[in-house]
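Protein chains: 2
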Amino acid sequence: MTAIRIDGKVVAQRRREQCRVEASRVAQSIGRAPALAVVLVGDDPASHVYVRNKHRACAEAGVDTHDVRLPDSCSSRELRAAVERINEDDTIDGLLVQLPVPDAIDPAEVRGWIDPSKDVDGLHPENVGLLASGTPRFVPCTPAGCLELLREYDIPTAGREAVVIGRSLIVGRPMATLLSTKGVDATVTMGHSRSGNLKEICQRADILVVAAGQAEMVEPDWVKPGAAVIDVGIHRIADASRPRGSRLVGDVAPAVGEVAGHLTPVPGGVGPMTIAMLLQNTVEAAGRKA
Amino acid sequence: MTAIRIDGKVVAQRRREQCRVEASRVAQSIGRAPALAVVLVGDDPASHVYVRNKHRACAEAGVDTHDVRLPDSCSSRELRAAVERINEDDTIDGLLVQLPVPDAIDPAEVRGWIDPSKDVDGLHPENVGLLASGTPRFVPCTPAGCLELLREYDIPTAGREAVVIGRSLIVGRPMATLLSTKGVDATVTMGHSRSGNLKEICQRADILVVAAGQAEMVEPDWVKPGAAVIDVGIHRIADASRPRGSRLVGDVAPAVGEVAGHLTPVPGGVGPMTIAMLLQNTVEAAGRKA
Chain A
123 MTAIRIDGKV
133 VAQRRREQCR
143 VEASRVAQSI
153 GRAPALAVVL
163 VGDDPASHVY
173 VRNKHRACAE
183 AGVDTHDVRL
193 PDSCSSRELR
203 AAVERINEDD
213 TIDGLLVQLP
223 VPDAIDPAEV
233 RGWIDPSKDV
243 DGLHPENVGL
253 LASGTPRFVP
263 CTPAGCLELL
273 REYDIPTAGR
283 EAVVIGRSLI
293 VGRPMATLLS
303 TKGVDATVTM
313 GHSRSGNLKE
323 ICQRADILVV
333 AAGQAEMVEP
343 DWVKPGAAVI
353 DVGIHRIADA
363 SRPRGSRLVG
373 DVAPAVGEVA
383 GHLTPVPGGV
393 GPMTIAMLLQ
403 NTVEAAGRKA
Chain B
123 MTAIRIDGKV
133 VAQRRREQCR
143 VEASRVAQSI
153 GRAPALAVVL
163 VGDDPASHVY
173 VRNKHRACAE
183 AGVDTHDVRL
193 PDSCSSRELR
203 AAVERINEDD
213 TIDGLLVQLP
223 VPDAIDPAEV
233 RGWIDPSKDV
243 DGLHPENVGL
253 LASGTPRFVP
263 CTPAGCLELL
273 REYDIPTAGR
283 EAVVIGRSLI
293 VGRPMATLLS
303 TKGVDATVTM
313 GHSRSGNLKE
323 ICQRADILVV
333 AAGQAEMVEP
343 DWVKPGAAVI
353 DVGIHRIADA
363 SRPRGSRLVG
373 DVAPAVGEVA
383 GHLTPVPGGV
393 GPMTIAMLLQ
403 NTVEAAGRKA
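Protein sequence lines, in the order shown, are assigned to chains A and B. Reminder that position 162 of the first sequence reads as 284 in our numbering, one-by-one numbering, no gaps. Reminder that position 16 of the second sequence reads as 138 in our numbering, one-by-one numbering, no gaps.
Treat the hints as calculated values from the structure; they're not laboratory data. Since no wrong hints were added, every one of them can be taken at face value.
With the Cβ distance kept under 7 Å, some of the chain B side facing chain A (calculated, not the full set):
(1) ARG295
(2) GLY313
(3) SER317
Example chain A residues on the side facing chain B (calculated, C-beta under 10 Å, incomplete):
(4) ALA230
(5) LEU245
(6) GLU248
(7) VAL250
(8) LEU253
Predicted model, so just to flag it, every value in this text is computed and none were measured. Glycine included, each C-beta is placed from N, C-alpha and C at the ideal position.
Okay, chain A solo, but in the shape it has when bound (with noise of 0.2 Å):
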C-alpha cells in the first residue's frame, strides 16, 4: 500500500483525551460528571457490542452513562415512555436510541420524541434542519469524525470535488452537508444505488466518502490517483485462513491503497471516531448547562 494510513484510532485516542480532560472541566462547573443515557431495544449482536463500547469509551473519558435495555416486544409507546422519562431527568445530558429498532418501531418517530437539547446523535429534525443551516447544534457522529480525520491529514477540501456514496440521514446526507459548508467550501457530489454510474462518480473525487454499506465495492479503477478516501463501511465475511473463520471489510477494496493518496483502513479508521465524536457532543450537551 502507497497510501497514507489515516490512523483513526490514534487520532480518536488523542480525542478522547481532549474530552476527559474537558468532562472534568465540566464535572467541576456543574457539580456532577457528564452523563449520557444509551437506549437499546432488543437483541441485535452488533448494536450491544457498539452499546458496550460506548459504554467503555465513556467511563475512560469520565463521562457516567446509563444503560437502558429494552426487550425486542417493547411497544413504541413504551419505548416513547422511557425516551421521555430520561428527557425530563435534569441529571442527564445526552441521550441516544442505538439503532436499529425493532420492525414495529418507526425509526422516525423515535428520532422525533428526543429532547432536541441531548440529541447528541444529531438525528432530531430540528438538529438535522440546524446542520443543514449552517449552525449546528449536534453533528452526527460518524461524518463529524471523518471530517476530523480529513483536517488532522490536512487534507484541503475547498474548491476539490468531493463524492459521497450513500445518502442515509445518519452518514451520506449530514456528511455532504458538512463537506458543502461554508469553510469547509467542497464541490460535493452524492452519487446512492440509483445512481448510474458509480464508477465513473468516484473517479472525479479528489475526497471519496463510502458509505454504500456494500463490501468491498469500490475497487482501485474507481479511484482518482492520490485521492484521500474515507471508507465507513464494516462487514464480517467469511475467511477460514483467519482464527475465526472471517474477517472485518469495509465497502473500499484494500487494493484502493495502492491508488489513493490517504486511506482510511478497517477496522481502525472511521469506526473509532465515531465514538469519539458521540463523547464530544455529549461533553458539549453538559458543558452547556454551565
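Chain A is fixed; fit chain B onto it per the hints.
Okay, now just chain B, sitting in the frame of chain A:
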C-alpha cells in the same frame, strides 16, 4: 432557440387553479378560507413587489391574506412579538416573513420563531430537517416549483446527473435534497462560489439548476447538449434599447437555449412557480386542520 421553453406561467396557472379548488374544499371543512399572513419589514422595493404579487395570487385562489408591515427601524423584539401574535392566531394557517430583513435582525433567529406548522416557506430548522430526513412537512417554495417544472415536462431524473449551482438555505440546499431524495433519485452535485471549476461541473449536468445570483453567468459552452436548464436567477440590468431603460435577466445567458434541451425563461419560468407553491403550502396547512 432550439430548446423547449419551459413555460412556468402556464404550469403555475394550472397549479393555482388546483389550489383554488382545494382552498374552497378546505374552506367548507374548516368554516373559513385558508389564511396567510405576510410580514414585511422595511422599504425594500423588490420585497414590496413580491409581497403584492403574493397577496394578489392568494386573492385569486380564495386564500385570505393578512398584511403585517413593520418599519425599517423595527427591533428584533418587535418583529418577534409580531410573529408570535400570528403563531397564536388560530385563524391564520400560514406565516412568512419576507426576506431580506433589515441588517439589525438575524434571519436565522427569525426562522426559528415561526410556528413550524405555519411555516409555509419551509425554512424553520425543524422543517429543513424533516425535508432532509425524507419526511417533509413544507418544501421551500422555489425548489418545490423547480421540481414541479421538471415533472410537468417529463424530464427524467432517476440515475441522471443533476447539478445545482448555489448552496443557499432557500434554494440550493433544499433543491439538492429534493433531487437526491428517494423516488427522484438523481445523482446530485452542489457547486458554489468556492468551486474552482464551475464550468466543468455544469458540463456534466443532465439537469442544471442555477441559483448563483450572478447575471448570465452560465454560457452555452457550460451546458451539455440536450440538458434541462432551470434558471432561478432574476436581475434587472441596464438596457437603453428598452422603454424602461432596463430588462430582466437570469443567471443563464439566453444563448444557452441553442444548446439545452429544455430551458426556463426569465421572467416567466421559476418565478411564477414559487408563488404557486406558496399557495399550495398555505392551502395544505389549512387542510391539516380539517
